[in-house]
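*Asks:* Listed here are the chains, written in short residue letters.
Number of protein chains: 2
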Amino acid sequence: MIRAGTQFDPIVVVDRYAEEEGSAVREAMLAALPPEEPVQWLLDPMQAYLGRPAKLLRPLLCIATGRILGSHDSEVLPLAAAIELLHNQFLIQDDLADESTSRRGAPTLHLDVGPALALTASVGLGLHALRLLHDSNRWLGPRLADQVTHEFMSMLRRTLQGQATELGWIRDKVTDLEPHHYLEMVALKTCWYTTIHPLRIGALVATAGAVDLDRFVQLGLHLGTAFQIQDDLLNLEGEFHAYGKEHAGDLREGKRTLMLIHLLRTATGDDRRFMDRYLSMSQAERNPEVLAKVLELMERYDSLAFARAYSSRIADEAERAFERLFVGAPPSRDLDFISALVPYMIRRRR
Amino acid sequence: MIRAGTQFDPIVVVDRYAEEEGSAVREAMLAALPPEEPVQWLLDPMQAYLGRPAKLLRPLLCIATGRILGSHDSEVLPLAAAIELLHNQFLIQDDLADESTSRRGAPTLHLDVGPALALTASVGLGLHALRLLHDSNRWLGPRLADQVTHEFMSMLRRTLQGQATELGWIRDKVTDLEPHHYLEMVALKTCWYTTIHPLRIGALVATAGAVDLDRFVQLGLHLGTAFQIQDDLLNLEGEFHAYGKEHAGDLREGKRTLMLIHLLRTATGDDRRFMDRYLSMSQAERNPEVLAKVLELMERYDSLAFARAYSSRIADEAERAFERLFVGAPPSRDLDFISALVPYMIRRRR
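So the protein lines, in turn, are chains A and B.
Counting in the working numbering, the first sequence runs from 277 upward without gaps.
Counting in the working numbering, the second sequence runs from 277 upward without gaps.
Simulated from the structure, these hints should not be mistaken for lab results.
Nothing false has been slipped in among the hints.
Because identical chains share one entry, a pair is satisfied inside a single copy or across any pair of copies.
Derived SDA-like pairs (lysine to any residue); straight-line CA-CA distance at most 20 Å:
#, residue 1, residue 2
1, 449, 315
2, 449, 313
3, 449, 388
4, 449, 387
5, 531, 390
6, 569, 529
7, 449, 314
8, 531, 314
9, 531, 509
10, 449, 390
11, 531, 374
12, 331, 295
13, 569, 549
Remember, predicted model here, so these are calculated numbers, not experimental data.
Put together the whole structure using the sequences plus the hints.
*Replies:* The structure is reproduced here in structure tokens:
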């Protein structure tokens, strides 16, 4: 691809695309919420949450893929909105379960409106996503709408499988993990819903099912994995800057990140014994001193560098998958966006 | 109807029907869960939750209605299972949001497996309900399956509206409520999902859409309202017996029940001022002494008797609606079950 070697700042390309295309996604999401009572307790929390600043990577990837393969925006946009609505549902629920305190520059929704109204709003957002799927019948016809719904349900199943795996590792203090376990978990938890599914839905609608959707799995896997490793790295940097502040970061939760898995496999002697103690602690016992020590070990044992190198190799793979997938596609802003997503995933700061 | 005046114990009739027909519902629910990894963190919690003792009123009402109107069990059973799966999803989520401690004779799921795995399991149960709806295409055909899905989504919207209304009243300390506000809220929160929807789905499938579904709203409204008032009364009796025990009952939550609304409208002087103080308290401030005093006032101002009389009148209405709806239907165990549901709703002890 001509784009791969040229000079461009992927952060700028992605942000500009989001700025130019994001408002249509926001409008489609808001249009999916019917103006129903009780406005102040059901509609307002949903609308306010959708109004928070968001990257919108998932719906934008879906739209860009659809356009490259020849779809009209009107066919894909409601499904892209459904993807982001479901994402919002999961964010609200995850924040509640993790007792997180802030999200998208504001208090988490359960702190804002209380846990019960937050859960109700989250289920509402999921329901309106399903209504969009159901309605897609009207413009996609029954056969294609059926395939779309099937794709959404497969994606949701995998997401839950990945989520349950990650949570189970933490709850049952599982430590005998290797990088491939992490990659398999992230493929389910993150990649399907963040990248593979948006690519497949865009392609499915654009080609009316005439393309082999499995061709999009490889790029999605690499993109999504790079995204998640960077997410985990950024969360650790948050830890560096957040001492003294009560917050529930990955280290406090005990999330099995690539860095933690690397450290558990390389630390020896007292360091290894310290890590075993850390893993057996409750979240409350993981005080700032403990977390600082874990971070210090991650630096000393090069676990952060290991994850960065891993993620960089995956981004290289993503670039090759991108080129294989879109070879011959005429230049376009949409193609530039997906091309920029590859380096963006490992360079983004938020 | 011949049954209305004859001697029979509605509790026995309902319990026996549940015993005889319940296992098919349980099997259909379990069959909807694919045997997927991670078994111990995703499948096991869902299966274990479905294995708890449950009344199964919603799916049984759906099946009985379908049979009376001529459906085969194989057509209705998966949809009845979907109704109960969604009910389980809501129970898990409500218990988490309300910080309830026990459900169906065991610790609530979030206390059992942790909030995050409980939420994941709840979303999984909801997803498998949707998969049943989606699959119903295969035996109902696209047109009828489409109507069924539409019914489910309408029901879910109304349920969320009612739920948000009740939660909003509590959060914003709304006090200027009259019985009709309660009835409107309960129609949305309880009746659609507990009685109207099961009746409509049974009828829709049995008649392939050839019956006016709105004919089933009246019976469902009365049955569901009687069910909810009895639920609220039983919860208060739980309060009577649970002092000294930490639990989150309706009084502690400040739920706007018919009894509370009656008391707020009739209490005067110091009693009214006490009630205003109670309403402005946090849940933690509502200690056993405070709750005992509210209960005492409900006794003194005849709020409990008011609710019981209300519920009894609604049961009479339900009986008339039942007779209008099923006039001419040949005698059957299924008809006996629905007939018994009317008095059951106000006499049940659990």
